[in-house]
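**Student:** Spelled out from the first residue to the last, the chains are:
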Amino acid sequence: MSTVDTPTRPDPLAVFTELSVALTGFDRVELAGTGLIEQHYDTVLRLIGEREAGHLFQAAADALDADRGDPEGTALRTQVVENKRYGPVIINLIKLWYLGSWYPLPGSYADVNGSTADDVEHVVSAQAYREGLVWIAAGAHPMGAKAPGFGSWAEPPTIVVL
Amino acid sequence: MQDDITNADTNYDLVIVGGGIAAATVAKTVIDKAAAGRPARHPRILILEAGRATAMSADKYDTYVEAYQQALAKVPNAPYPPTVSAPQPNVLDIGRPVMGPDGTTKIPSANGYFVQMGPLPFGSDYARALGGTTLHWLGTCLRMLPNDFKMWTNYGHGVDWPLSYDDLKPYYERAEWDIIGVSANVEDQNYPGIGGDPAKFFQSSNTNKFPDGAYHFPMERIPSSYLDDYLAKKSAGLVVKLKDSAGKEYSFPILVCNTPVGRNSQPAPGYQPVGAVGNADRGQRCEGNSSCIPICPVQAKYNALKTLYELIVKYPDRDPRDGEKPRARVAIRSQCVVSKVQHTQTKGKQGTVTGVAFLRYSDDGSPAAESTVTADRYVLAANAIENATLLLASDAANNSDQVGRNLMDHPLLLTWGLLEDNAGAFRGPGSTSGIPAFRDGAYRSDRTAFRVEIGNWGWNFPENAPYDTVHDLVGGARTGTAQLYGRALRTRLGQILPNQFRIAWELEQDPEPTNRVTIDDRYLDALGNHRPVIHYDLSPYVRAALPWAAEASRQLFEQLGIGTPAHRPDYQPGDYTHWDPNDPAAVTYDGQTYWVRGAGHVVGTHRMGADPAHSVVDSYQRSHDLPNLYIVGCGSMPTLGTSNPTLTMTALAIRTGDHIAGLLKGQDA
Amino acid sequence: MTTRISTLEDLKAALQLAIGLELSTIPVYLTGLYSIRENTNTDAAQTIRSVVMEEMLHMTLAANVLNALGEPPSTNPVDFQDRKHLSPIPTYPLESPLISGIGTLELLPLSPRAVESFVRIEHPLHGAATLSAITAEPGSYRTIGEFYEAIDTALNDPTICPDTLFNPTNQTPDSEYYGGAGNVIQVSNRATARQAIKKIIDEGEGLPQEALTKPAKTVTDTDRLTSGWQMYSHYARFRELQTGRRFRTNQTAGETPTGAMLLLDYNEVEPAEFTPRNGDGGPEALALDSFDLSYSQLVDEVYYAFAGGQRTTQSTALQSAVHGMYALKNKATALMRTPNPTHPGHTLCPRFSYVALGGDRDKLTRRVEEATATR
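Quick note, the sequences are listed as chains B, S and C, same order. For the first sequence, the UniProt record's numbering assigns the number 162 to the last residue and increments by one with no breaks. For the second sequence, the UniProt record's numbering assigns the number 669 to the last residue and increments by one with no breaks. For the third sequence, the UniProt record's numbering assigns the number 375 to the last residue and increments by one with no breaks.
If you're looking for bench data, these hints aren't it; they were derived computationally from the structure. Predicted model, so just to flag it, every value in this text is computed and none were measured. Please note that the accuracy of each hint is not assured.
Derived CB-CB ranges, DEER-like [as the list claims (entries may be wrong)]: (1) C:T42 with B:P106: 23 to 31 Å; (2) C:Q209 with S:T63: 36 to 44 Å; (3) S:A477 with B:Q58: 23 to 31 Å.
Beta carbons: idealized from backbone N, C-alpha and C, even for Gly.
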């Protein structure tokens, strides 16, 4: 009989998804519907490095666990969003989902963590632009994609909220 | 590589320089008119485009849409890759030249294609690619007003045209039907200066097509946006009152009117909307992609590729096959930069164009071999600024010394606010309505007229929305902590973005000889061609309209309930207009700073006129100095009025096409 | 041995079922179309899209004919021949109550099996070698061709529908149809009614068997867009998808295409898997319900427009239905990207399940609205 226990492997993509739900205000189906969960996950890993991402996701997992039953998400706010170490990445992750663009992390972040070659302002992909959440939040559609049809702009606007 | 164009025994009937709407219109009109003549004639036409070939099939066109989506700065030229061999201006390059105290240029702003000599930067761009700037125009198709053609006689400013509105009217109709395809309803066109009855103003003499002359557009109006209707309701009954310096008050009843556009809508019986190039199923109606500028993904909006495609499908450049009826031939060649118009003209005399020299590049930026092509007649249709630099570099057609002068645009003043209600911003075409009240009136003796364009895309133009709105709300630029996230962010964006709106006040610019395009051997592009060197300013006549536009905006915003000045990132309903000094777009008048941007309406560098001493071309856009040369496009317009110029340019090009068709030799069958 | 249509009531019912028959192919093709990842398989997507657009035209044509006979199109079940309560609105997987030869219509992402079913639907004999190889149930037809033939025969029979019966009631005009080949025919008399039915047959699934011996690229519609864009039969278009080759100009539709390759990459397709409604909770179930609600509302809007319904809004009822179609596409695309929690490796598949107005619809609406809100 082995004395080594068989640990449950963490599922970082699932943590990333749950973190993204909390940060964006869109549920997991809305996020999955963009087809971008894996792409954005990869982008975060690429831009902050896997090691730092591992710290971030563990902190997020702990906070999300602590927040079960707390609709205010207090732990997430105090332990991750307001955490000096993770705060700038959180801001970027929100913008990544909402706008499809990556913005360079602040100099103070790079002073501590260094920087990666891709850490410059860029549109992550055409799909990331098209699926930017800002357009749904606005009750609109991305400029230059997902057209709503002839004359739709004459109709009263509607905004879907959860 | 040039063999197929410059085969020694090839003499074209017509060589056209430029592959945009003016070129396409002249070519199509010449062919149609000549084929209908007795005897029928079938010209051979070569179109030389300096830029790249763009796309003639839907799947290839999609790559430009994708390029736009992936572009960091979604500026008008973003989807169309630049070449250094045929460089194009980019609005991102607009910088302010440094002027000395004596008013001369100390340091030009030359970081883009233009060399800006100031005092103000010329704020507009254009596209150098097959299809030209119609690839990223908005599509507005307003006719000019009758008084716009006689500015000197009626208001003592600018010059009169050698044509009247009535002269041009049948060509406007053809431009609306045969080239662009315009969507509008006559009864919506309530402009000042037309006698109060749109139906009468649009009365047609073509009674075959329009029984009793009752004109109608080929397609129904594009539906007005929800925002348009909201503004119309809120501003109902508003009369803006503006005073001149003598204290005389002018009244402007505010009426929100649907704008004619080259964008597909419900067709009138017998009219077939023209869809996307190479996939006509697509783009049969505007689908509301909300990206007319820089690219209509489905090509519901007219672009010149549609006319060019029709030409190469109907008139391929090969000998007619057995059994094929005699027909014209059209060859379109891209990446051919015309460097010289060769001619026999000497100063003060007339001459003849003997050929055009061009460089066909393949390895972008590397020296390209020069070839010459000859024709019976030549048409320059390369955009007003390109036509001017080419003529100046060729020392051609300039006995009047007017080439390059009288450069005009619609200097554009933006005002923007946050409405109290969700008005559905970021939906629909860029603009669907305007307020035409200020387009004509007695006050034009003192200050220029202006057009009011209601924008459907929130603060996209003035404040880079929705990007900057998200940056404002998420915050944390200094603290490193997001201020708003999750459902609160989602909800707040939904309260702000659809309430944003903006208005563009587009001022007529008067022709001034000192606003000009010149060339300077110190400023050449990669192939050694001259870059445009631009001197530009706004006259006191234009500037005097700035306070009026600002005051009209103030009164309108007051009526809309958002008169209170406000600032980002507060996002309470209010007037968010701000014009700070030290912006490249800053202009002062009477101690007040305004921001004046370009409208992309590049006009007036080879004005038409009856007198060769004061104009470059006649009313057919034929060079006074080189009678086998036609210089077409917005450059021929002596004054600009308040209409976006493309429709007028197209009408003029049709008139030129008719004229050239009448001169074609009869032997070509 | 076609089942004759011998009464006006049966002719009207047949036309109600014809509208539904045209509708029933659309979700099948749309599931294939929307499963294609963005900016991939552009030729295949364009092919499927062009067929869908014509199916919508056919629906409109059948509706115009029915309206001309004085009967508004409706989603309600009909009695046809001796059969009671046939629903014109399909549910999937669909065993057609009307066409025995067509087989089961399933909602599948684009795959060789899906394309095979497309070809089967559009084949004159639905893949059978001979007509007699298909067994016909009483009151139904072996092929779509037989069904439309029966309609056409009845339309041509003044004892069933006298001249005076035809009126241009609630006709959808041509200006309301765009985005596909062909034109809407407004029906005002017997001749235009037959013309409308003939157009459905020529373009689509009612193709007669002889068509297989005719050139594959026989143009089924005038080149209305005058730009060299021409349409040949649905069967020929889908055969090209199936074989990965284009027809050469001199080939007949019955041959195997031997022209240029038509590139199709089945890996650039979302692995959607159809699962019937099962009452699972969670946001995934809600998203599927929300799709069904949108789809049901869209179907209602289309029928409302066909029945001459007016809207007080800016848009006409048909325009409003078109907005619904654009929105539905985005919803379908999103579903097909969303992992199916119970089937790892697969994503959700829209069910295109029409929920009739009444109690069930009210329940569905409440369920969706409780979870989301619009303002």
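**Student:** It remains to establish, for every hint, whether it holds in the given structure.
**Tutor:** Here's how the hints hold up against the structure:
| no. | hint | in the structure |
| --- | --- | --- |
| 1 | C:T42 with B:P106: 23 to 31 Å | violated, 41 Å |
| 2 | C:Q209 with S:T63: 36 to 44 Å | holds, 42 Å |
| 3 | S:A477 with B:Q58: 23 to 31 Å | holds, 27 Å |
When each numbered hint is compared with the structure, a violation occurs for hint 1 only.
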